[in-house]
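Engineer: Sequence:
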Amino acid sequence: MTGMQVLQMLGEMRPGSLEPVQQVQGWLYALEARIRAEVTGEEMPAPEAFTMEQELSVPALYAHLYAWYLCAQADLARGEAARYNNSVTVFNDLYEGYTAWHTRTHLPAQKHHVTGIKG
1 MTGMQVLQML
11 GEMRPGSLEP
21 VQQVQGWLYA
31 LEARIRAEVT
41 GEEMPAPEAF
51 TMEQELSVPA
61 LYAHLYAWYL
71 CAQADLARGE
81 AARYNNSVTV
91 FNDLYEGYTA
101 WHTRTHLPAQ
111 KHHVTGIKG
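Counting from 1, one number per residue, gives the positions in the sequence shown under my numbering.
Derived by calculation from the structure, the hints in this document are not laboratory data. There could be a bad hint or two in this list.
[Claimed, not checked] Estimated spans, in silico, between C-beta atoms of each pair:
#	residue 1	residue 2	range
1	78	101	29 to 35 Å
2	8	100	36 to 42 Å
3	33	76	15 to 21 Å
4	17	43	31 to 37 Å
5	55	21	14 to 20 Å
6	105	83	31 to 37 Å
7	49	82	35 to 41 Å
8	53	100	27 to 33 Å
9	59	16	28 to 34 Å
10	41	15	33 to 39 Å
11	106	2	29 to 35 Å
12	54	101	20 to 26 Å
All C-beta atoms in this analysis are idealised placements derived from N, C-alpha and C, irrespective of residue type, glycine included.
Could you put together the complete structure from these sequences and hints?
Structural biologist: Below, the structure written as structure tokens:
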């Protein structure tokens, strides 16, 4: 999923309430940097190298977390506290689900050797 696809998703979720693309790109960059730092361990390009056309880290199964994060940021910027609380709660649930999924599916192979047990 790309930033432009997230922007389209956001437009479908909140028709007529889109923020300026540069502001949305900044919010998206901040979230992508957080995901890479906290979850994937990947390097993040400099902000000026980040574009809305590049592929984002989170797979399609959890990609709505980007749109909900942007909704929460827009709600916060507008001072809509109740709406922000709802949006950030949905985002946090999706983010926790994604991080749990990533941890489960990206663990290194474990070798278990049990020695010294006599039955």
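Engineer: Just to be sure I understand the hint, the distance between the Cβ atoms of residue 54 and residue 101 should be within 20 to 26 Å; is that true here?
Structural biologist: Given range 20 to 26 Å: holds, Cβ gap about 22 Å.
Engineer: Should the hint that residue 8 and residue 100 are 36 to 42 Å apart at their CB atoms be regarded as holding?
Structural biologist: Distance hint for residue 8, residue 100 is violated at roughly 27 Å.
Engineer: Does the Cβ-Cβ separation between residue 49 and residue 82 fall within 35 to 41 Å?
Structural biologist: Holds - the Cβ-Cβ distance for residue 49 and residue 82, about 37 Å, lies within 35 to 41 Å.
Engineer: Note whether the CB distance of residue 106 and residue 2 lies within 29 to 35 Å or breaks it.
Structural biologist: violated (22 Å)
Engineer: Quick check on a hinted range of 28 to 34 Å for residue 59 and residue 16, using CB atoms only.
Structural biologist: holds (29 Å)
Engineer: That 14 to 20 Å hint for residue 55 and residue 21 (C-beta), does it hold up?
Structural biologist: holds (18 Å)
Engineer: Within 27 to 33 Å or not, the Cβ separation of residue 53 and residue 100?
Structural biologist: holds (29 Å)
Engineer: Do the beta carbons of residue 41 and residue 15 sit within 33 to 39 Å of each other?
Structural biologist: holds (37 Å)
Engineer: Can the suggested window of 15 to 21 Å be confirmed for the beta-carbon pair residue 33 and residue 76?
Structural biologist: holds (18 Å)
Engineer: At the C-beta level, are residue 78 and residue 101 separated by a distance inside 29 to 35 Å?
Structural biologist: holds (31 Å)
Engineer: Look at the Cβ atoms of residue 105 and residue 83 and judge whether their distance stays inside 31 to 37 Å.
Structural biologist: Holds - the Cβ-Cβ distance for residue 105 and residue 83, about 33 Å, lies within 31 to 37 Å.
Engineer: Does 31 to 37 Å hold as the CB distance between residue 17 and residue 43, or does it fail?
Structural biologist: holds (33 Å)
When the structure is compared with the earlier hints, violations turn up for hints 2, 11 and for no others.
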